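Residues per chain are reported as follows:
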Amino acid sequence: MRFKHVFSIIGPVMVGPSSSHTAGAARIGRVARQLLGCSPEEAEITLYGSFAETYSGHGTDLALLGGLLDYDTDDARIPDAFAEAERLGMRYDIRVGTGVMPHPNFAEITLRAGSREANVQGASIGGGNIEIHSINGFDAGCTGNYPTLVIAHQDQVGVIASITGMVSASGLNIGFMNVARKARSGAAMTIIEGDRVPPDELVESLHKLPSVENVSVIDVR
Amino acid sequence: MRFRTLKELESICQAESLTIAELMIAEQARETDESEADIIAKMSSYYQVMKEAVSKGLEPGGAQSRSGLTGGDGLRMNEHVLAGEPLVGEWAGKALAYALSVSEVNASMGRIVATPTAGSCGILPGVLVSSQERFGWSDEKVVLGLFAAGAIGYVIANNSFISGAEGGCQAEVGSAIGMAAGAMVELRGGSPAQAVHAVGIALKNTLGLICDPVAGLVEIPCIIRNGLGAVNALAAADMALAGVRSIIPSDEVIGVMHEVGTKMPVEHRETALGGLAATPTGRKLTEQLKAKK
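Protein sequences, first through last, are from chains U and A. Residue numbering for the first sequence follows UniProt numbering, starting at 1 and increasing by one per position. Residue numbering for the second sequence follows UniProt numbering, starting at 1 and increasing by one per position.
Derived by calculation from the structure, the hints in this document are not laboratory data. A portion of the hints provided could be inaccurate.
[Said to hold, decoys possible] One-sided excerpt, in silico: chain A residues whose CB lies under 7 Å from chain U:
hint	residue
1	31
2	34
3	35
4	37
5	112
6	116
7	117
8	159
9	162
10	272
[Stated by the list, open to error] To be clear about the criterion: a stretch of chain U counts as covered by chain A if any three or more of its residues have a C-beta under 8 Å from a C-beta of chain A, and this derived list gives those stretches:
hint	region
11	1 to 14
12	35 to 41
13	56 to 68
14	108 to 121
15	125 to 135
Since the structure is predicted, the reported quantities are computational estimates derived from the model, not experimental observations. Where is the CB? At the ideal position from N, CA and C, for every residue including glycine.
Looking at chain U on its own, in the form it has when it is part of the complex (with noise of 0.2 Å):
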């Protein structure tokens, strides 16, 4: 099931013109934001399909700004996104992309603050929902409609069980879990969409195991 409850339905609230383009774009910019932890520096964004063809018309290079902001979609600030993106000395490239991807809303997203750097792929379904389908190059599989911990870690035995043990004594619940890795004993990284907000302690405490490399939490419901 694509759409999970009703108010993937009836919502979200949010600024015209356009719940693909104006809203999901918004929750897509968010996600990369949540995912660098920070407010980017730097933001390099192509878009293909009907996003390229139809951006300007939708406000969807505003909408997407607005989310690297760390906006919600009903964000009245969202039409003056540009403004605020160059007070806040954020410089962006927004460019058209070619090629066939996987839905025909589609954007890439990768932004830098310092040393950190984050990557998301994402498409726009319909009525403000997304499906992350890469995050920093791995298989992403998410929605946003839950609150998402993204652990980037080893590939490497028992790591997952460190992972979820910890998780469950926080008393946290995990509806969906997605696992990838780029190679054998190389980089991994698991997507746990859960029932609540994780809590701080969790996300120290995930930190501190000596395989994860980094933990982010995302929150665009």
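Since the structure of chain U is provided, determine the placement of chain A on it from the hints.
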């Protein structure tokens, strides 16, 4: 959710003597582990946004879009209704005016609720806000209508689509009309079975509708289609309340929407490369906007 199809929705409601709205609220609470009171409060806040959008579009001057292509039609239609005897009758006229108004607020980058999308955000508020005025319903009652509409939209979205980029305008405006029609049947005391018939009756009338926005903007023809959609929703609800049935079951009609949408050329799926967007006037307006930028 315990239902994937309208047939299942109807059967559960019948077996457990629930309205579609009551079932939706219970299922939502189970799915998200929130209390029913919290869920209803959230939906009530959404309904306030809808009412605000209706009012905003009817303020003097009306809502004007950023492109300058559209605006003020909700206000025009409302004045026409107030001047007396619109051809569709006072209340369908009001629903039409309110739906136009909300869609214009959307085009002006104002706040709206996607129902199910922003491109189709005028239809449910148009129908519900005007009917609330007409029948003197409480907000609490109208909010139940939104849950019924949400249950219907949930089935459509998961068996077909609700984005113009995937399935054309039938998926956006079409879905919204079906949702509003079913909700109105329930609010007027019809059975879940009648509400489900209303969905099928409504959807049949929008099968094949393409998404062809001029210059890619959610304005031409989206705003007008929202206005007409509100009237169609009332008509479909009336047919179902009168006992008219969708001989092709509503779930099968949703299947047709999916079939047609899958075969729809990319030019007719929100890319602004075909349909009204590609007419001589559509192209001229697009060029003018590009030159202005």
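To see whether the hints hold, each was checked on the structure:
1. Look at residue 31(A): its Cβ gets to within about 5 Å of chain U, closer than 7 Å, so that hint holds up.
2. Annotation: interface hint on residue 34(A) violated; nearest CB of chain U at approximately 10 Å, more than 7 Å.
3. With a cut of 7 Å, the hint placing residue 35(A) at the interface with chain U is violated, because the nearest CB-to-CB distance is about 14 Å.
4. The beta carbon of residue 37(A) comes no nearer than 15 Å to any beta carbon in chain U, farther than 7 Å, and the hint placing it at the interface is violated.
5. Contact between residue 112(A) and chain U, as hinted, is supported at the beta carbon level, the nearest pair being about 6 Å apart and thus within 7 Å.
6. Taking 7 Å as the C-beta contact cut-off toward chain U, the hint placing residue 116(A) at the interface holds, the least distance being around 5 Å.
7. Annotation: interface hint on residue 117(A) holds; nearest CB of chain U at approximately 4 Å, less than 7 Å.
8. The restraint placing residue 159(A) at the interface with chain U is violated, with a minimum CB-CB distance near 10 Å, outside the 7 Å limit.
9. Among the interface hints, the one on residue 162(A) holds; its C-beta lies about 5 Å from the nearest C-beta in chain U, closer than the 7 Å criterion.
10. Interface hint status for residue 272(A): upheld, as the beta-carbon distance to the closest one in chain U is roughly 5 Å, under 7 Å.
11. With 14 residues carrying a beta carbon less than 8 Å from a beta carbon of chain A, the region 1 to 14 of chain U meets the three-residue requirement, and the given coverage holds.
12. With 0 residues bearing a CB less than 8 Å from a CB of chain A, the region 35 to 41 of chain U misses the requirement of three and the coverage assertion fails.
13. Check on the region 56 to 68 of chain U: 4 of its residues sit with their Cβ under 8 Å from a Cβ of chain A, so the three-residue criterion for coverage holds.
14. With a threshold of 8 Å between beta carbons, the proposed coverage of the region 108 to 121 of chain U by chain A is violated, since 0 of its residues qualify and at least three are required.
15. For the region 125 to 135 of chain U, the proposed coverage by chain A is satisfied: 4 residues have a C-beta within less than 8 Å of a C-beta in that chain, meeting the threshold of three.
The structure shown violates the earlier hints numbered 2, 3, 4, 8, 12, 14.
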